[in-house]
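Kindly produce the complete structure, drawing on both the sequences and the hints.
Here is how the chains run, residue by residue.
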Amino acid sequence: MLVVSAIIISVIPAILIAYPVIKKIASRAPLPEDESSLRADLERRWESALEGIRHAELEMSIGNVSESDYLWLKQVHMAEAANVLKTLEISAEKERSLIEEISSAANTRSLDSSFKNAHEKEDWD
Amino acid sequence: MRLSLISPLSLLFLFLSTACFAANSDFVSKEEKKINHLNGVLMCPVCPGESIDQSQNEIASNMRMIVKGLVEEGKSEDEIKAYFVGRYGPVILLEPATSGISLYAWIIPPVALGFAIIVVIVALGVMRRKQKSTGPDQPYNLRAEAISIEEKEKYFPVIDRISNE
Amino acid sequence: MVELGQIALILSFMMAGYSTIVGFAGGMLNGRDLAASARWGFYSISPLLLLATAALIYAFVINDFSVKYVAENSNIAMPKAYAWVAFYSGNAGSLLYISLAFSIMAGIAIRIVNSKLPYTSPYALGVMSMVLLFFLAVILFLANPLDQHQVPLEDGQGMNPLLIHFGMFIHPPFQMLGLISVALPFSIAIGALLAGRGGRDEWVDQGRLWGMVSWLLLTTGLLLGAWWAYTILGWGGYWAWDPVENSALMPWLAMTAFVHSIMVQKRRGMFRMWNMVLIIVSFAMAQMGMFINRGGPVPSVHSFAESTMGWVFLAVMAATLFISVAIFIFRYDTLKSRSGLDSIISRESAFLAQNVLFLLIALVTLWGTIFPIFSEAVDDTTMTIGQPFFNKVNGPLMLLLILLMGIGPVLPWRKAGWVSINKMLRLPFVVASLVLISSLISGITQYWVLISFVVCSVSITTVCQELIRGTRSRHSHGENWVLSFFSLIGANRPRYGGYIVHLSIVMLAIGITASSFYDVQKDVVMKPGDSEVLGKYTFKYIDVSEKTYSDRMEETAKFQVWSGDNYIGYMYPYRAVYPEFQIAATRGAIHSTILEDFYLVPSEFQEDGQAVFRVLINPLVLWMWAAGPVLILGTLISLSPNNRGHRKRVSLPSMDVDQSPLGRAK
Numbered sequence: 001m002l003v004v005s006a007i008i009i010s011v012i013p014a015i016l017i018a019y020p021v022i023k024k025i026a027s028r029a030p031l032p033e034d035e036s037s038l039r040a041d042l043e044r045r046w047e048s049a050l051e052g053i054r055h056a057e058l059e060m061s062i063g064n065v066s067e068s069d070y071l072w073l074k075q076v077h078m079a080e081a082a083n084v085l086k087t088l089e090i091s092a093e094k095e096r097s098l099i100e101e102i103s104s105a106a107n108t109r110s111l112d113s114s115f116k117n118a119h120e121k122e123d124w125d
Numbered sequence: 001m002r003l004s005l006i007s008p009l010s011l012l013f014l015f016l017s018t019a020c021f022a023a024n025s026d027f028v029s030k031e032e033k034k035i036n037h038l039n040g041v042l043m044c045p046v047c048p049g050e051s052i053d054q055s056q057n058e059i060a061s062n063m064r065m066i067v068k069g070l071v072e073e074g075k076s077e078d079e080i081k082a083y084f085v086g087r088y089g090p091v092i093l094l095e096p097a098t099s100g101i102s103l104y105a106w107i108i109p110p111v112a113l114g115f116a117i118i119v120v121i122v123a124l125g126v127m128r129r130k131q132k133s134t135g136p137d138q139p140y141n142l143r144a145e146a147i148s149i150e151e152k153e154k155y156f157p158v159i160d161r162i163s164n165e
Numbered sequence: 001m002v003e004l005g006q007i008a009l010i011l012s013f014m015m016a017g018y019s020t021i022v023g024f025a026g027g028m029l030n031g032r033d034l035a036a037s038a039r040w041g042f043y044s045i046s047p048l049l050l051l052a053t054a055a056l057i058y059a060f061v062i063n064d065f066s067v068k069y070v071a072e073n074s075n076i077a078m079p080k081a082y083a084w085v086a087f088y089s090g091n092a093g094s095l096l097y098i099s100l101a102f103s104i105m106a107g108i109a110i111r112i113v114n115s116k117l118p119y120t121s122p123y124a125l126g127v128m129s130m131v132l133l134f135f136l137a138v139i140l141f142l143a144n145p146l147d148q149h150q151v152p153l154e155d156g157q158g159m160n161p162l163l164i165h166f167g168m169f170i171h172p173p174f175q176m177l178g179l180i181s182v183a184l185p186f187s188i189a190i191g192a193l194l195a196g197r198g199g200r201d202e203w204v205d206q207g208r209l210w211g212m213v214s215w216l217l218l219t220t221g222l223l224l225g226a227w228w229a230y231t232i233l234g235w236g237g238y239w240a241w242d243p244v245e246n247s248a249l250m251p252w253l254a255m256t257a258f259v260h261s262i263m264v265q266k267r268r269g270m271f272r273m274w275n276m277v278l279i280i281v282s283f284a285m286a287q288m289g290m291f292i293n294r295g296g297p298v299p300s301v302h303s304f305a306e307s308t309m310g311w312v313f314l315a316v317m318a319a320t321l322f323i324s325v326a327i328f329i330f331r332y333d334t335l336k337s338r339s340g341l342d343s344i345i346s347r348e349s350a351f352l353a354q355n356v357l358f359l360l361i362a363l364v365t366l367w368g369t370i371f372p373i374f375s376e377a378v379d380d381t382t383m384t385i386g387q388p389f390f391n392k393v394n395g396p397l398m399l400l401l402i403l404l405m406g407i408g409p410v411l412p413w414r415k416a417g418w419v420s421i422n423k424m425l426r427l428p429f430v431v432a433s434l435v436l437i438s439s440l441i442s443g444i445t446q447y448w449v450l451i452s453f454v455v456c457s458v459s460i461t462t463v464c465q466e467l468i469r470g471t472r473s474r475h476s477h478g479e480n481w482v483l484s485f486f487s488l489i490g491a492n493r494p495r496y497g498g499y500i501v502h503l504s505i506v507m508l509a510i511g512i513t514a515s516s517f518y519d520v521q522k523d524v525v526m527k528p529g530d531s532e533v534l535g536k537y538t539f540k541y542i543d544v545s546e547k548t549y550s551d552r553m554e555e556t557a558k559f560q561v562w563s564g565d566n567y568i569g570y571m572y573p574y575r576a577v578y579p580e581f582q583i584a585a586t587r588g589a590i591h592s593t594i595l596e597d598f599y600l601v602p603s604e605f606q607e608d609g610q611a612v613f614r615v616l617i618n619p620l621v622l623w624m625w626a627a628g629p630v631l632i633l634g635t636l637i638s639l640s641p642n643n644r645g646h647r648k649r650v651s652l653p654s655m656d657v658d659q660s661p662l663g664r665a666k
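Protein chains in written order, with the working numbering: chain Z, 1 to 125; chain H, 1 to 165; chain A, 1 to 666.
Hints were generated in silico from the structure; no laboratory data involved.
For glycine and all other residues, C-beta sits at the position ideal for the given N, C-alpha and C.
One should not assume that every hint holds.
Listed next, the in silico DSSO-like pairs over lysine-lysine satisfying Cα-Cα at most 30 Å (straight line) [to be verified]:
#, chain 1, residue 1, chain 2, residue 2
1, H, Lys-68, A, Lys-536
2, A, Lys-540, H, Lys-30
3, H, Lys-34, A, Lys-527
4, H, Lys-68, H, Lys-34
5, H, Lys-75, H, Lys-132
6, A, Lys-415, A, Lys-336
7, H, Lys-152, H, Lys-130
8, H, Lys-75, H, Lys-34
9, A, Lys-522, A, Lys-547
10, H, Lys-130, A, Lys-336
11, A, Lys-116, A, Lys-336
12, H, Lys-33, A, Lys-540
13, A, Lys-536, H, Lys-34
14, H, Lys-81, H, Lys-30
15, A, Lys-522, H, Lys-81
16, A, Lys-547, H, Lys-33
17, Z, Lys-94, H, Lys-154
18, A, Lys-558, A, Lys-522
19, H, Lys-34, A, Lys-540
20, Z, Lys-86, A, Lys-68
21, A, Lys-392, H, Lys-68
22, H, Lys-33, H, Lys-75
23, A, Lys-415, H, Lys-152
24, H, Lys-34, Z, Lys-86
25, H, Lys-30, A, Lys-392
26, A, Lys-80, A, Lys-68
27, H, Lys-33, H, Lys-68
28, A, Lys-540, A, Lys-527
29, H, Lys-34, A, Lys-392
30, A, Lys-527, A, Lys-558
31, Z, Lys-74, Z, Lys-86
32, H, Lys-130, Z, Lys-74
33, H, Lys-33, A, Lys-392
34, A, Lys-336, Z, Lys-23
Stretch-level coverage of chain A by chain Z, calculated; a stretch enters the list once three of its residues show a Cβ under 8 Å from a Cβ in chain Z [to be verified]:
#, region
35, 27-36
36, 258-272
Now the structure itself:
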């Protein structure tokens, strides 16, 4: 009895750890969104900028901040949000030019050096 | 609205104060207060960290009796403390003395407070200077103030629309 | 059953080892299947530990005294319901409890972390598995609760009678849960550092979530402990600055700092380094707590007397600290703040001051707690530092914190002009001065009480002002008062939940202040039939009855009590003597009102029924216990997911930008 139950309780974890590796469930699934990508970072900045705007408006509406402080706060957060949008455009631009560069490099058969270039370009800050 | 807030809150505290005052009236004699205070600062020798006031040990209850006796004899607080220090050593006091090694116990906290204040001031200064000199870090080294008027016209309506959703 | 439990323990140890190695490997090799395998392996640990726990509890229920731990912690006389308490009342069992609880919590946490931070989660899983691995190793090699004797004993030694109480069902589980749960945000933070893939604020949301969960558990544990001590331990107090209490308080202080300063990182991308430091310090202090509790160097009434394994915990704490700091330094350059400070007078500065103050209190408490070791090393005398020292040193610092709690939350983020400051702080200071005057008039002369009431009133007023102004602003848009109040809170949960927590802290502070400065205590000797008076209370000692149980003898006194002319009723304080343990436990009888508690506790009974009673009047204690539910409510509100925020999560405007992720996935 003990032996049987011992075997049962050791088989279950073994199946649990073997299953994902054998079935490759994770690598078959689509690549999850990367939390450290530029886009994810921009999303966080965008959210905190928007949160800043909403917060400033809330404080203004309940009468906690002066008019001038409110205008300043709103201006600062708007600029931050605009910066996010601008960055998005620049990065899209860069990506496009990168793809062009790679395809033209492929034509001139100097693939190696342009890959190196591509990696440098990715360092966004 | 101002009055509506001020008056209930003041009344609340008036109520709380009354509670304290009621409890503070002199229905416990000076001697008893002194006994209670002494019981709180003397340690029970066999139950470390507990005062004789807290402990239900027999030694603690004997010590409470001694304290009571000494107070009734009219001994001063220092004399009674000295009596117990004489019997058990300085270890018996829960509140460290302000001399010898125990002095360090008292010195360190204010020193740490002073150090903490300096740390806060320095850190605030550093962060303030960073904002003045370089501004926030942005991808592609953009600066917040570098948003041009055309860009403002282009982006701000989008932001306004979304933030008001 | 016991053997099966042993096998489950060994298996769970192996699985924890597997998850550690494969988790880190999956992260480093970017092997998603490996990471999934490690994760699934980790999920299998909690059922295994549940099985081991069931085996142990079953052994308690059937009085299987062949199990050493059962023999040491129970006997035939023990009520069966206490099998659950006996499970964690000793050293080895509490380790199993901690492992079980942690494996469940970490399983839930890693599931959520994996969906939000897929590239960080293998590392976080690795760290969590390592923590669990350590506990399971200690269980298996040093203190196994399922170890058996060669020859079964007739009867066990029984549980420490002081532990046989209802409070034992709730306080220790929460306290242990709180201490170990600090490992969750710690693992997520260290996991993010180890993953170190360029971004810096990825872990903030998850860190805040689990940080607050842990904070809530710690707080609940502390409050329940205080409540238990007050109602049961029979000395009329609730907090004694005992080493073990201190070691539970220290991680709470550090975690409180953390759950505040993480907000600054979320909003401003600042304090990145500082948050790492705080969470590392919190975890180190939680480990310190376990160290002191398990046969550390500082004597305490709470500790597991038989245990000498504290030093293992100390060594692991040192190793954790060392490795964490090493990782921290290694990733130093990624932890620079995104932005600086726009103005010295801002929410950010208030947060920094608050953080440093919390940490300072924690360090001062640590200093007082380890002072006996220090004096032993330097001077060869073990000077114990007790309550008076901590009250004198920490009291003022805590009052400073409460003042900051009143001012900080109403300072705007980034920058505050004088006009804004005036708008928000004028009213609180008006109320504070009124409170000062009214307190003086009503006869309060102790200046610490005056200061405390004044700072408390500043805090209360700012919170009330916020709530009223917000509600009014919504009301002016056409909602009715009640609806606008709730929709105000619902729309800004972290903010207003936080305010509610602050309110509860003020209630706590008021209760502590009043009961520590204005408590009245008197020892009276009474014979049956005697009447005595204390303040407005008149109490008559009717008689004493004795009852003998299998394990104890109870002497219950019967009192009739009047408050002024109002008859309150009977009160039954009692004293129980456990001859086998030579321990006496007293249980006070308490009559609580919103203003004060009337507290009766017997200290000694003599042959003829004459007895010594301690009578106390503790003002405003009820406020402290009422603060608990308010605090939990506030925390839950600020933790609850905001639907509006949820819908808007991915709200970057698409414009005409290519949507393809620009990830640097390897």
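> When the hints from earlier in the document are held up against this structure, which numbers fail?
Replying inline: 5, 16, 20, 24 and 34
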